[in-house]
Amino acid sequence: MDILNAIVLLLNYTIIPALSYGSQLALGAIFVTLIYGVLRFANFATGDMMSFGTMFAVLLTFYFQSIGISLGVLPTALLTIPFAIIMMILYMLSIDKFVFSYYRVKKSPPVVLAMVSVGVMFVTQAIIRIIIGPFDRRFLDGEKFILKANEFKEITGLNEGLTIKSTQAITIVVTIIVVSIMFWFLNKTKTGTSMRAYSDNEDLALLSGIDPKKVVLLTWIIAGILATVGGVLYGLDKSYKPFVYFNNMLPIFAAAIVGGIGNPLGAFLGGYVVAFGEILITYAYKKFFTYILPSSLEPNSLMQLLSTDYKFAVSFSILVIVLLFRPSGIFKGLRI
Amino acid sequence: MAFFEGNNMTAGYGTGPDIINSCSINVNRGEIVAILGPNGAGKSTAMKAMLGLLKLKSGSILIDGKDITSLSPQDRVKSGISFVPQTRNVFADLTVRENLEIGAFLRTDDVDKVIDEIYELFPILNEKKSQVVGELSGGQRQQVALGRALMIRPSVLMLDEPTAGVSPIVMNELFHHIIKVKNTNVAVIMVEQNAKQALSISDRGYVLVTGQNKFEGSGNELLQDPEVRRSFLGG
Chain A
1 MDILNAIVLL LNYTIIPALS YGSQLALGAI FVTLIYGVLR FANFATGDMM
51 SFGTMFAVLL TFYFQSIGIS LGVLPTALLT IPFAIIMMIL YMLSIDKFVF
101 SYYRVKKSPP VVLAMVSVGV MFVTQAIIRI IIGPFDRRFL DGEKFILKAN
151 EFKEITGLNE GLTIKSTQAI TIVVTIIVVS IMFWFLNKTK TGTSMRAYSD
201 NEDLALLSGI DPKKVVLLTW IIAGILATVG GVLYGLDKSY KPFVYFNNML
251 PIFAAAIVGG IGNPLGAFLG GYVVAFGEIL ITYAYKKFFT YILPSSLEPN
301 SLMQLLSTDY KFAVSFSILV IVLLFRPSGI FKGLRI
Chain B
1 MAFFEGNNMT AGYGTGPDII NSCSINVNRG EIVAILGPNG AGKSTAMKAM
51 LGLLKLKSGS ILIDGKDITS LSPQDRVKSG ISFVPQTRNV FADLTVRENL
101 EIGAFLRTDD VDKVIDEIYE LFPILNEKKS QVVGELSGGQ RQQVALGRAL
151 MIRPSVLMLD EPTAGVSPIV MNELFHHIIK VKNTNVAVIM VEQNAKQALS
201 ISDRGYVLVT GQNKFEGSGN ELLQDPEVRR SFLGG
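Protein sequences, first through last, are from chains A and B.
Heads up: the first sequence begins at 1 in my numbering, then just goes up one per residue.
Heads up: the second sequence begins at 1 in my numbering, then just goes up one per residue.
Below, a list of computed lysine-lysine pairs in the BS3-like style, where the Cα atoms sit at most 25 Å apart: (1) K286(A) x K148(A); (2) K78(B) x K214(A); (3) K286(A) x K153(A); (4) K55(B) x K106(A); (5) K190(A) x K78(B); (6) K287(A) x K311(A); (7) K213(A) x K78(B); (8) K148(A) x K238(A); (9) K213(A) x K55(B); (10) K128(B) x K188(A); (11) K153(A) x K165(A); (12) K128(B) x K113(B); (13) K241(A) x K311(A); (14) K190(A) x K129(B); (15) K182(B) x K196(B); (16) K311(A) x K238(A); (17) K188(A) x K113(B); (18) K55(B) x K66(B); (19) K107(A) x K55(B); (20) K286(A) x K311(A); (21) K97(A) x K213(A); (22) K144(A) x K241(A); (23) K106(A) x K57(B); (24) K113(B) x K190(A); (25) K113(B) x K180(B); (26) K129(B) x K182(B); (27) K78(B) x K113(B); (28) K214(A) x K188(A); (29) K196(B) x K214(B); (30) K190(A) x K128(B); (31) K188(A) x K129(B); (32) K311(A) x K165(A); (33) K113(B) x K129(B); (34) K57(B) x K214(B); (35) K188(A) x K213(A); (36) K238(A) x K144(A).
A short list of chain B residues far from chain A (calculated; beta carbon distances all over 12 Å): (37) A2; (38) G40; (39) I68; (40) V209.
FYI, nobody ran anything at the bench for these hints, they're computed from the structure.
All C-beta atoms in this analysis are idealised placements derived from N, C-alpha and C, irrespective of residue type, glycine included.
Model the full structure from these sequences, guided by the hints.
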């Protein structure tokens with residue numbers, strides 16, 4: 001019984017939260033890795049682009065609620081995602097046309113493009129501030145829980161409850177769907193293969209007749225989908241704070257680099273590595289050990305390696321360790 | 001008149017000096033032509049000019065009597081000119097089959113049939129079709145590079161030092177494959193450092209010196225020519 005309690009405890013406080021947080025990071029990390037692989041620069045506007053897409057989902061959710069459209073038990077925000085994606089893609093394409101394309105045509109070195117993306121980041125933050133303001137907003141409606149702690153305790157008779165928030169389940173399901181479609185597209189379609197070819201060897205891709213403009217356009221479209229979906233899922237789960245997304249860039253970049261930058265599958269798995277790292281290292285294991293150890297060995301401290309305030313330190317450490325020992329990332333496989 | 005001609009080509013990089021000067025090269029279908037010469041003679045430059053990677057200051061490029069001097073490299077690919085660069089000539093992260101599919105990117109008809117033809121020409125590619133090209137040996141990679149270039153069923157195939165950095169055994173094998181390609185009625189132009197071996201499989205050869213045609217003739221003529229032997233073939 002104690003073993004079961006210990007397992008449920010870990011599931012409830014570490015594994016399920018890490019799976020959903022990892023999914024949100026994974027979407028951001030694939031975004032980073034795609035832009036890096038195809039357009040060849042580190043996009044520092046990643047976090048704020050995710051925030052920008054989410055902003056439209058939030059505004060549209062409020063609008064839909066005001067005119068009485070809802071999805072019943074599911075959050076209305078899911079309905080707004082397609083519209084938010086369109087706005088996001090339009091924004092990205094205009095940024096690309098007016099800012100990035102100039103440096104791409106000039107064949108500027110990647111570091112210049114990265115600095116340009118810092119400028120885009122500031123502008124994006126300013127636009128968000130003007131449109132929606134810096135305040136915290138909850139836009140989650142519908143059923144909040146799939147499984148409540150009390151119900152779980154009643155059903156199983158265990159001491160520990162297991163809570164599954166609907167946002168966690170939605171996050172995992174939506175991520176699996178989006179990522180599967182994306183991998184199918186990249187690996188199985190002619191256009192997806194041409195994107196990977198362009199990323200692998202630009203000159204030879206041009207000699208094979210691949211149109212670079214089309215590849216760039218497609219990259220932004222896929223990036224827009226990933227950024228908006230990732231941003232909305234994170235916002236639903238934790239409430240929409242416009243500038244929290246900026247902070248999330250550290251774990252997102254860590255995930256992309258852990259997975260081998262330029263490798264979407266690696267970035268996907270990297271998201272979970274970083275999320276599990278952060279949560280497992282900052283979780284207080286006192287109760288867990290109370291269940292599995294005899295009472296004489298019961299710990300009297302919290303058994304927490306690091307305070308949760310340091311969770312970004314964990315992703316930073318993972319990043320540094322990977323860069324020191326496996327600079328090309330820990331996952332092999334096809335690189336985009 | 002030859003099938004594919006570069007006439008009196010003069011060109012250089014950017015605003016720099018002219019690398020090739022009134023240089024002329026032509027090739028017919030079913031023929032291998034080697035471009036030889038010392039380092040810096042403009043061999044690769046001549047080839048790049050024919051491909052359109054370099055703007056001509058004067059001269060013209062004709063294919064099948066049609067002037068293509070003003071076309072971009074991509075458009076020349078569409079008119080049947082395929083190129084295998086010296087380095088980075090495969091998609092190392094893609095599988096063999098994907099490399100071939102990308103080679104056929106401009107084709108709209110049934111690609112599988114062309115891929116089968118390539119497998120017939122290079123049986124090893126069929127064996128390794130789902131392997132990532134980065135994991136193949138140098139000789140196999142060169143076959144992938146040739147196969148990719150052949151996917152558009154080109155009428156002209158240009159090879160920039162196809163045997164650079166491969167062992168003598170692989171080199172012979174590659175030359176053997178190039179002859180097979182020629183026998184499918186393709187015009188082959190290659191720039192080569194291994195002059196003797198290249199001439200032995202070539203129908204004709206050009207020797208360039210400082211960007212100009214110095215000698216030209218059939219492979220055997222050049223191999224026998226005492227002056228060519230003394231200057232370029234090492235006695």
